[in-house]
Amino acid sequence: MRMIVPISAGGLRRVFSRWDAIAIVLVLGLLAFLAEASRHVLEPLAELQRQPVTLDLGNLPEYAARTTLRMLVAMALSLLFTFTYATLAAKNRRAERLLVPLLDILQSVPILGFISITVVFFMSLAPGRVLGAEFAAIFAIFTSQAWNMAFSFYQSLRTVPTELTEASRNFRLSPWMSFWRLDVPFAMPQLIWNMMMSMSGSWFFVVASESISVGKTTITLPGVGSYIALAIERHNLHAVLWAIITMLIVILIYDQVLFRPLVAYADRFRFEQEPGVLPPRSWVLDVLRRSPLVDRVTRPFGSLWRRSMVPHHNGMAVAKPPAEKQHGWITFQWIAIVVALAALGLLQVVRFVTHDISLADVANAFMLGLATLIRIVVLIAIASATWVPIGVWVGTRPRVAELVQPVAQFLAAFPANLLFPIAVSGIVALKLDPNIWLSPLMILGTQWYILFNVVAGAAAIPAELRAAGANFRVRGWLWWRRIALPAVLPYYVTGAITASGGSWNASIVAEVASWGNERLEAFGLGAYIARETEAGDFSHIVLGIAVMSLFVVLINRLFWRPLYLLAERKFRLG
Amino acid sequence: MSSALLDIHALRQTFPRADGGDLLVLDGIELTLNQGQIVGLLGRTGSGKSTLLRSIAGLMPASAGTITYLGQPVIGPAPGIAMVFQGFALFPWLTVLENVQLGLEALGLPEAEIRKRALAAIDLIGLDGYESAYPRELSGGMRQRVGFARALVVHPNILLMDEPFSALDVLTAETLRTDFLELWADGKLPIKGVILVTHNIEEAVLMCDRILLFSSNPGRIICEITVDLTQPRNRLDPRFHDLVEKIYAAMTARIAMPTRIGTATGPIATSISTILPRVSANLLSGLLETLAAEPFSGKADLPVIADELHLEGDDLFPVSDALQLLHFVEVEGGDIKLTDTGKQFVEAETDGRKKIFQRQLLAYVPLAAHIRRVLQERANHEASKHRFFDELEDHMSTEDAEQTLRSVTAWGRYAEAFAYDDDSQTFSLENPT
Numbered sequence: 001m002r003m004i005v006p007i008s009a010g011g012l013r014r015v016f017s018r019w020d021a022i023a024i025v026l027v028l029g030l031l032a033f034l035a036e037a038s039r040h041v042l043e044p045l046a047e048l049q050r051q052p053v054t055l056d057l058g059n060l061p062e063y064a065a066r067t068t069l070r071m072l073v074a075m076a077l078s079l080l081f082t083f084t085y086a087t088l089a090a091k092n093r094r095a096e097r098l099l100v101p102l103l104d105i106l107q108s109v110p111i112l113g114f115i116s117i118t119v120v121f122f123m124s125l126a127p128g129r130v131l132g133a134e135f136a137a138i139f140a141i142f143t144s145q146a147w148n149m150a151f152s153f154y155q156s157l158r159t160v161p162t163e164l165t166e167a168s169r170n171f172r173l174s175p176w177m178s179f180w181r182l183d184v185p186f187a188m189p190q191l192i193w194n195m196m197m198s199m200s201g202s203w204f205f206v207v208a209s210e211s212i213s214v215g216k217t218t219i220t221l222p223g224v225g226s227y228i229a230l231a232i233e234r235h236n237l238h239a240v241l242w243a244i245i246t247m248l249i250v251i252l253i254y255d256q257v258l259f260r261p262l263v264a265y266a267d268r269f270r271f272e273q274e275p276g277v278l279p280p281r282s283w284v285l286d287v288l289r290r291s292p293l294v295d296r297v298t299r300p301f302g303s304l305w306r307r308s309m310v311p312h313h314n315g316m317a318v319a320k321p322p323a324e325k326q327h328g329w330i331t332f333q334w335i336a337i338v339v340a341l342a343a344l345g346l347l348q349v350v351r352f353v354t355h356d357i358s359l360a361d362v363a364n365a366f367m368l369g370l371a372t373l374i375r376i377v378v379l380i381a382i383a384s385a386t387w388v389p390i391g392v393w394v395g396t397r398p399r400v401a402e403l404v405q406p407v408a409q410f411l412a413a414f415p416a417n418l419l420f421p422i423a424v425s426g427i428v429a430l431k432l433d434p435n436i437w438l439s440p441l442m443i444l445g446t447q448w449y450i451l452f453n454v455v456a457g458a459a460a461i462p463a464e465l466r467a468a469g470a471n472f473r474v475r476g477w478l479w480w481r482r483i484a485l486p487a488v489l490p491y492y493v494t495g496a497i498t499a500s501g502g503s504w505n506a507s508i509v510a511e512v513a514s515w516g517n518e519r520l521e522a523f524g525l526g527a528y529i530a531r532e533t534e535a536g537d538f539s540h541i542v543l544g545i546a547v548m549s550l551f552v553v554l555i556n557r558l559f560w561r562p563l564y565l566l567a568e569r570k571f572r573l574g
Numbered sequence: 001m002s003s004a005l006l007d008i009h010a011l012r013q014t015f016p017r018a019d020g021g022d023l024l025v026l027d028g029i030e031l032t033l034n035q036g037q038i039v040g041l042l043g044r045t046g047s048g049k050s051t052l053l054r055s056i057a058g059l060m061p062a063s064a065g066t067i068t069y070l071g072q073p074v075i076g077p078a079p080g081i082a083m084v085f086q087g088f089a090l091f092p093w094l095t096v097l098e099n100v101q102l103g104l105e106a107l108g109l110p111e112a113e114i115r116k117r118a119l120a121a122i123d124l125i126g127l128d129g130y131e132s133a134y135p136r137e138l139s140g141g142m143r144q145r146v147g148f149a150r151a152l153v154v155h156p157n158i159l160l161m162d163e164p165f166s167a168l169d170v171l172t173a174e175t176l177r178t179d180f181l182e183l184w185a186d187g188k189l190p191i192k193g194v195i196l197v198t199h200n201i202e203e204a205v206l207m208c209d210r211i212l213l214f215s216s217n218p219g220r221i222i223c224e225i226t227v228d229l230t231q232p233r234n235r236l237d238p239r240f241h242d243l244v245e246k247i248y249a250a251m252t253a254r255i256a257m258p259t260r261i262g263t264a265t266g267p268i269a270t271s272i273s274t275i276l277p278r279v280s281a282n283l284l285s286g287l288l289e290t291l292a293a294e295p296f297s298g299k300a301d302l303p304v305i306a307d308e309l310h311l312e313g314d315d316l317f318p319v320s321d322a323l324q325l326l327h328f329v330e331v332e333g334g335d336i337k338l339t340d341t342g343k344q345f346v347e348a349e350t351d352g353r354k355k356i357f358q359r360q361l362l363a364y365v366p367l368a369a370h371i372r373r374v375l376q377e378r379a380n381h382e383a384s385k386h387r388f389f390d391e392l393e394d395h396m397s398t399e400d401a402e403q404t405l406r407s408v409t410a411w412g413r414y415a416e417a418f419a420y421d422d423d424s425q426t427f428s429l430e431n432p433t
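Heads up: the protein sequence lines correspond to chains Y and E, in order. For the first sequence, the working numbering gives the first residue as 1, with consecutive numbering after it. For the second sequence, the working numbering gives the first residue as 1, with consecutive numbering after it.
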């Protein structure tokens with residue numbers, strides 16, 4: 001019934017339409033890409049040494065394919081994690097108590113520092129094969145994608161309208177069925193938006209994760225990240241530029257082939273339709289939808305999928321144990337287990353850390369943390385002062401906003417660490433102070449969140465409010481103070497939280513930068529973690545990461561969250 | 001000849017309260033639904049009638065008592081009990097047809113039969129031509145038709161309706177009611193019994209064979225009214241009007257009795273823990289003015305003045321409750337009468353009104369007097385909202401506490417009895433100067 005007859009066919013049902021042709025090309029292309037990119041995975045590790053990464057331009061397409069595949073596999077794993085972890089957290093109150101704070105902490109841990117630790121573990125899973133190194137790289141990328149997706153899904157599940165949940169229970173949908181028919185569709189628009197953010201964010205990690213050091217040996221997986229690392233080592237600016245261009249093309253392709261269609265498809269799951277906003281479109285989705293062949297091929301799968309949701313029992317509902325009261329004993333056991341595990345973990349950490357960490361080390365890490373904190377505060381302030389006025393200006397002009405919004409989103413997707421080599425060569429050439437001039441790199445990629453959130457906020461100011469302002473001749477500073485700034489505050493805070501969190505993570509890469517033999521280091525916690533990682537000093541890595549996580553969590557809880565609640569309560573329009 | 005579809009015995013529902021105790025929502029409910037009957041559950045907000053409906057649907061387990069459906073205890077969503085929701089509860093990403101098919105898919109029927117039955121239900125309910133539309137493309141009335149089709153397509157024995165017409169405009173609601181009653185009378189609906197939750201007295205009299213009247217906090221059945229007018233019923237029929245009057249009287253009679261502890265002083269006894277209705281001072285003076293003016297001249301029939309003020313169903317009750325609480329009116333036997341204080345209020349100018357309102361508020365709303373006393377006792381004349389909120393929460397649900405505090409704040413502001421600053425969430429005696 002939902003099959004759309006192609007209008008181009010003029011009502012005739014042709015056996016084979018041009019949409020079919022395009023669809024076949026798309027599908028075959030995807031298969032070829034997967035085959036090509038995964039061909040080397042099962043080869044022994046020695047193969048990597050035999051065919052080292054080179055700066056040959058001809059290799060770039062293959063490297064790009066393999067990098068993209070890693071990111072896609074990590075994305076699939078992130079989805080799997082999201083569907084299980086977040087669902088458990090949302091549906092089971094006992095699990096929720098532990099899982100949600102855990103996720104919050106995981107989100108704040110700068111995973112960049114952890115790569116060297118996880119590598120050892122994954123290499124042991126597939127000894128002597130490329131697969132192990134691949135696992136490690138994919139895991140690193142996964143950790144950069146999964147948390148915010150899981151959070152978004154959890155929050156969506158918690159806000160499914162009660163009546164819909166009741167309706168699905170009343171019509172006796174099985175849990176499996178209501179998960180796919182209610183929960184997932186409801187969460188879809190928000191989840192896809194987070195998937196896009198995750199994908200953008202993970203480029204940052206690709207560069208770090210493809211070139212892995214295990215003890216004394218360095219394994220370099222073929223990919224864009226390794227290519228860039230090599231280019232930096234060889235001082236080759238041309239190669240860096242080519243890598244950037246390649247990455248731009250890759251981003252453009254997966255945006256068109258993967259995310260645009262998803263966004264366009266997910267639009268129907270949007271619960272509230274804003275009037276006057278055109279639904280997003282995607283040519284790829286149009287092709288797939290209009291092709292009768294695709295419809296015929298996918299239909300049996302659709303039927304099979306629906307069949308999988310059919311319940312196995314049809315009698316009266318099985319009695320569910322009511323309330324938690326009966327579970328007092330189980331709850332107690334559960335708490336006991338969690339506390340025991342936590343104690344064990346604490347013991348482990350203390351033993352691990354006290355072994356060779358002194359109080360002076362801890363104090364030092366805190367000092368470094370403060371230095372990085374000051375840097376981030378200053379940077380966020382500068383970025384806000386720059387982008388808030390611009391964002392408001394853009395947002396109140398719909399035509400400009402239409403042009404600027406996609407550009408801002410693209411800039412956010414662009415991994416800023418690719419520009420580091422260029423910046424470093426500049427700093428070295430001009431003999432600037434790295435303590436100051438390395439700092440902007442931290443916010444290079446994250447400042448865009450402030451911009452496009454403010455643009456969205458300004459665009460959401462109701463026309464009537466603006467008209468009222470104009471009517472009472474509210475202008476200049478008064479206009480900013482009374483109308484523009486309060487209206488965009490909730491949006492701004494959302495953007496600033498993302499920007500500040502991202503900047504902490506980025507500090508690990510941004511406070512230390514090298515260009516060939518030149519090496520710049522700033523005084524800060526990020527540089528500390530990076531240095532200890534290179535030295536392979538695990539206990540100091542853990543210390544650095546713990547201190548950084550503490551800073552992030554404290555700042556979120558003490559500053560951003562209250563500010564967000566205030567902005568939500570006071571200034572949210574409508 | 002009638003056999004019971006549903007039997008409810010000594011049902012009790014409690015919700016956990018913030019302080020760890022239990023809040024009693026429903027108590028001592030006895031109900032039997034026989035074949036071929038429409039039973040109405042009529043009561044004001046907070047009477048637990050929706051809770052009862054959800055208990056029947058198996059969406060919440062009973063705290064005590066039994067619900068028996070066709071001889072079996074209801075312990076979860078049962079086959080053959082389908083529900084129509086107040087907010088439609090349609091899946092926005094499914095088309096009309098897909099929404100209607102959903103319940104059948106859950107039954108695991110073959111695809112061809114699902115299709116056939118869904119189309120038949122759509123046809124029956126007058127949705128032909130809208131099969132491929134998404135809910136957002138439909139008007140409210142059409143959406144609720146989908147809600148009906150979705151419930152009917154599973155051929156339930158019992159149809160539960162949770163204020164199905166209250167989200168619709170008056171005209172659309174009337175059309176839908178009439179259509180439903182016609183199909184029901186003609187035996188075209190594949191259902192055996194209906195339970196309708198409503199707060200609209202006329203709707204209950206128009207549709208139901210039996211009406212159960214609920215009291216509030218906790219919800220108890222206070223009386224049962226049998227409606228033996230023949231269908232289709234005529235609103236202009238004097239017997240129809242009499243029934244509506246009678247129910248109005250029965251529903252207002254309850255307020256005259258204290259719902260909570262406290263000795264009766266005057267017509268209503270209240271304590272700090274009385275739940276205050278959410279009514280603006282504007283609406284209060286509006287009703288007083290209408291009541292004082294011609295043609296009422298100080299005394300009116302409740303249904304008539306409700307009509308005059310365009311207040312639907314029980315929307316009048318919170319207003320009359322509040323006025324009664326403040327001793328501006330007396331309500332008795334379905335009539336509302338202005339008191340002397342009420343007259344003084346209407347005749348006074350803005351400032352005079354505020355003075356009278358303040359006097360009444362502090363005299364008859366213990367919570368307002370309590371807040372004012374606390375503020376006076378304190379050196380800085382300030383107190384946080386939470387101080388009072390926590391106090392209220394010991395006696396009522398969080399929502400009721402929130403509502404009560406909001407009402408007393410609004411009244412206190414109008415009376416200039418105290419001020420409230422939402423940013424700092426504090427009450428104070430100071431008004432901004």
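Simulated from the structure, these hints should not be mistaken for lab results. Any given hint could be a false lead.
Pairs of lysine-lysine, DSSO-like flavour, derived with a Cα cap of 30 Å [unchecked claim]:
1. Lys354(E) with Lys337(E)
2. Lys299(E) with Lys570(Y)
3. Lys192(E) with Lys116(E)
4. Lys343(E) with Lys385(E)
5. Lys337(E) with Lys570(Y)
6. Lys355(E) with Lys299(E)
Cβ-Cβ distance ranges computed for the label pairs, FRET-style [claimed, not checked]:
7. Asp351(E) with Val553(Y): 25 to 33 Å
8. Asp228(E) with Phe332(Y): 54 to 62 Å
9. Thr398(E) with Arg561(Y): 45 to 53 Å
10. Pro562(Y) with Ala379(E): 43 to 51 Å
11. Glu464(Y) with Gly20(E): 40 to 48 Å
12. Ser424(E) with Val553(Y): 57 to 65 Å
13. Ala467(Y) with His310(E): 26 to 34 Å
14. Val350(Y) with Thr68(E): 55 to 63 Å
15. Thr398(E) with Arg97(Y): 14 to 22 Å
16. Lys188(E) with Arg561(Y): 17 to 25 Å
17. Gly126(E) with Arg158(Y): 32 to 40 Å
18. Arg158(Y) with Ser166(E): 25 to 33 Å
Since we're looking at a predicted model, the values are computed, not measured. Glycine is no exception: its CB is placed at the ideal position from the N, C-alpha and C atoms.
>> Tell me the numbers of any earlier hints that the structure contravenes, in ascending order.
In response: Per hint list: 2, 4, 5, 7, 9, 10, 12, 16 violated.
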